[in-house]
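Just so you know, the sequences run in chain order A and U. Just add 1233 to wherever you are in the first sequence, counting from 1, and you've got this note's numbering. Just add 180 to wherever you are in the second sequence, counting from 1, and you've got this note's numbering.
Simulated from the structure, these hints should not be mistaken for laboratory data. Where a beta carbon is used, it is the ideal one built from N, C-alpha and C, also for glycine. Honestly, I wouldn't trust all of these hints.
For lysine-lysine, the following DSS-like pairs were computed, each having C-alpha atoms within a straight-line distance of at most 27 Å [unchecked claim]:
1. K1366(A) <-> K1385(A)
2. K405(U) <-> K1338(A)
3. K1335(A) <-> K186(U)
4. K379(U) <-> K1366(A)
Far from chain A, by Cβ distances over 12 Å, these chain U residues were calculated [stated by the list, open to error]:
5. Y215
6. A252
7. L353
8. A363
9. Y366
10. E367
11. T370
12. G373
13. L387
14. L389
15. F407
16. Y463
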Amino acid sequence: MAELKLKNLQKTYEDGPTVIHGIDLDIRDGEFMVFVGPSGCGKTTTLRMIAGLEDISGGELSIGQRRVNDVPAAKRGVAMVFQSYALYPHMTVRENMGFGLKLAKKPKAEINEAVERAAQVLQITHLLERKPKALSGGQRQRVAIGRAIVRKPDVFLFDEPLSNLDASLRVQMRIELAKLHKDLATTMIYVTHDQVEAMTLGDRIAVFNGGRIEQVGTPLELYQQPANQFVAGFLGSPKMNFLPAQLRSGSNSGSDIVLAGNTSITLPQQYRLQSGSPITLGVRPEHIAWQVQAGDNAIPASVDLVEHLGGEQIIYARADGMDAQIAFSLPSKETAPHRGERVWLKPELAACHLFDAAGLALPGSGQPYP
Amino acid sequence: MAHSRKATLTAYLFLTPAMVLLLAFAFWPVGFGSYIAFTQYNLIDAPVWVGLENFRELFDDELFIGSLKNSALYLIVVPVIQVLAILLAVLVNNNLPGIKFFRAAYYLPVVTTVSVIGIIWNFMYNDDGALNAILRWLHLINEPIGFLTDDRIALFAVMFVTIWRGLGWYMVLYLAGLQAISADVYEAATLDGANAWQKFWRITVPLLLPTILLCSIMSMLAAVKAFEEVQIMTQGGPFQSTYTALYYAYEFGIKSLNFGRALAASLVMSVVCMLLAWLNFRYLQPKNP
C-alpha cells in the first residue's frame, strides 16, 4: 500500500505538443481514485506516467516516500489492468498470472500458491489451464485483474478496464471491483470516461480536461458543488441544463436574474457581480418541476420529446426565446406532459448553480442539494 | 429442398471458373506428370509404360544422389534466412529515422529479376570482383577465392545469393506478424519485469510461431526447389557440385528430352516437399487451448 504525490507533473512529446500541463494531486494510501474526463483529456497519459510506460517530461512523481520519475516500471510497485486486457495469448491463465513472479525467479510452489489464491478470490480457478482465446470478455478481465493481484502491488492502475464489456457485465464487474478494493484495501487509480463508473467506484474523483485537472473531490462534492461549468456538465446524465442569463440586481433577500427569453428568476443567494453581468444558470434535470400555468420563477416552454426509460421519464422542452433545450426528469409514475404541450418549468431555486462568463462557479453557488 | 439445390448449384457455378483453371493448370499437369514418371517419353513418340524403371535408374544414378544431397544441404538456408529475417524485421519494426528507406532497400532484391541478380553476383564473385577485392584490401587473402569455380564452396556461394534474394520477402512477412502483436502485451510484460531479451524470447517468438511456420514451409520448399540461381550462375558446375534435384530434372527433361526420368525425379522431390511440410506442421504449429 502506498500514497502517491503528483507535483506539477508534465508531459510533452518530442517535437510535439504538451499534453499534460502540470498536475498536482495527492492520492491517499488505500484510496480509490478515479480519473475521469472526455477522450484526449490526458487521464490515460497521466496513468501511464504513473505506471512508468511514459516518460515524465517535468515535475515529480512519488509512490510511498520514493521519487520514482526514473524508476523502471517493474520496480515501481504498480500493476496495471489494460483496456484490452493485454493477456499473453500463447500462455494459459495460470502462466499469464504467474509470469511476473516467474521472471522474478520466485520458486514454483510460491508462484502456484499466489496464482491459486488470486484465482480463488476472482472465482476463476476452473479456468487456470485455459488460454485467453477460450475465455469470454468478462473472464479475460478477471484474469487481467488476477495477474495484477498476484504481483501484490502497492498501487493498482486500471485503464478503462470495463469499456470492452457489455452493459450488464460492466455493472457486475463494477460491483466486484468495489468489493475487491474493500477486500484488498490497496491504493487504486481507475481511468474511465464513464461518469457512472466514476461516481459509483471512486472515493474521490479527479476530473480532467485539456491536460489539466479541473476539480478533485468526492463524487457528491463534484455533483453538488462543481467548481466550473465543465465539471457541472460532465457529471450527471442527462447533463445539467445551462441557460444564458444576466444578473439584474442584488437585493437583501436574493438575486434577480433574467433569462434569455426575458423570464425573471429570483435566487435566494446574493452574488457579488455587477448588475448586467452575463452569467449562466445551471440546473440539473431532477431539480425542475413543471406546471400548466404561468407562475413566479417559471420558464415558459413547449415540450419537444418525452423519453420513457422505465424507472423515469426524461422530457425535453424548448424554452421561449432560447436556443437551449431544457431537459427534466420525472419518476415514471408521475404524469408527464405530452409532446407539443405548453408548460412552465420551475427550477428548484436552492439547487441552482451560477457560473460567470469564464465558466467558473460563483462563490456561494452550488451548495449541497437540499 | 428445391431452394437448397438451387443454392448449391449457384455455388458450383461461381466456383466453376476457378475450378476450370485449377484443373487445367494444376491438377491435370500434376496427374499427367505423375503418369509420365512411369513411362518412357520424349515429347515426340507416345509414352510407353515402363513401371518403376525410371525410379530404379534414378536411384542408381550417382548424379541424382549427389543432387539430392545438394538439395538437402541447401536446406541450411532455411534456419539462416528465418533467423536473419526475424532479426531484420525486429530492427525495421522500430520507428527510427529513415527506417522506411531500409525497409525498401531490404525488399529491393525481392522485386529484382533473378537473371539480373545472377549477373550481378557473378560479377561480385569474380576473381576480380568486389568480394575478392574487399578481402584483398583487408589483407585476408593473397589469392582470389573462386567462389563459383571452387567445387568445395560454389554451392555455398549460390546458397548465399538465395538467402540475400529471399531475405526481404521473409522480412516483410515477419514485419506483418510483428505488427499484429498488440503493443499492450509488451507493456504488460514491461510491468511484469521482462527485459528486452525476455520480451523477444517469451513474447515475440511464441506469438510469431504461425508466421514462422508459414515462412519455414515456404523457404524449405523454395530451398528444395532451388533452380534459378544454379541455372544462371553455375549451370550445375563446377564438377556438378551445384547440381540440385530440380536442376537435374531440368537437365534430363528439357535438355535430354528424357521426360520419364525428369518427372520421376520431380515426383521424388514432391514427396520430399510434402514430408517437409508435414514435419513443419507437426513441430511448429501452435497448440490449441
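Hint check results:
1. With a CA separation close to 26 Å, the supplied pair K1366(A) and K1385(A) stays within the 27 Å bound.
2. Distance check on the hinted pair: K405(U) and K1338(A) sit about 46 Å apart at the alpha-carbon level, beyond 27 Å; violated.
3. Among the hinted pairs, K1335(A) with K186(U) is inconsistent with the structure: their alpha-carbon atoms are about 59 Å apart, more than 27 Å.
4. This hinted pair checks out: K379(U) and K1366(A) have alpha carbons roughly 21 Å apart, not beyond 27 Å.
5. For Y215(U), the requirement that its beta carbon stay farther than 12 Å from each beta carbon of chain A is met, with the minimum near 45 Å.
6. At roughly 32 Å from the closest C-beta of chain A, the C-beta of A252(U) stays outside 12 Å, upholding its exclusion from the interface.
7. Every CB of chain A is more than 12 Å from the CB of L353(U) (nearest about 19 Å), matching its label as outside the interface.
8. With a closest Cβ-Cβ approach of about 9 Å to chain A, A363(U) is found to fall inside the 12 Å limit, against its non-interface label.
9. Residue placement check: Y366(U) does not keep its beta carbon more than 12 Å from all beta carbons of chain A (closest about 9 Å).
10. Against chain A, the non-interface label of E367(U) is violated: not every CB pair exceeds 12 Å, the least being about 5 Å.
11. A Cβ of chain A approaches the Cβ of T370(U) within 12 Å, the least distance being about 5 Å, so the stated non-interface status is violated.
12. A beta-carbon of chain A comes within 12 Å of the beta-carbon of G373(U); the shortest separation is about 4 Å.
13. A cut-off of 12 Å between C-beta atoms contradicts the statement that L387(U) is not in contact with chain A; the least separation is 6 Å.
14. With a least CB separation of 8 Å from chain A, L389(U) falls inside the 12 Å interface cut-off, contrary to its annotation.
15. Distance to chain A confirms F407(U) as a non-interface residue, since its nearest Cβ pair spans about 37 Å, more than 12 Å.
16. Chain A leaves Y463(U) outside its interface by the beta-carbon criterion, the shortest separation being 16 Å against a cut-off of 12 Å.
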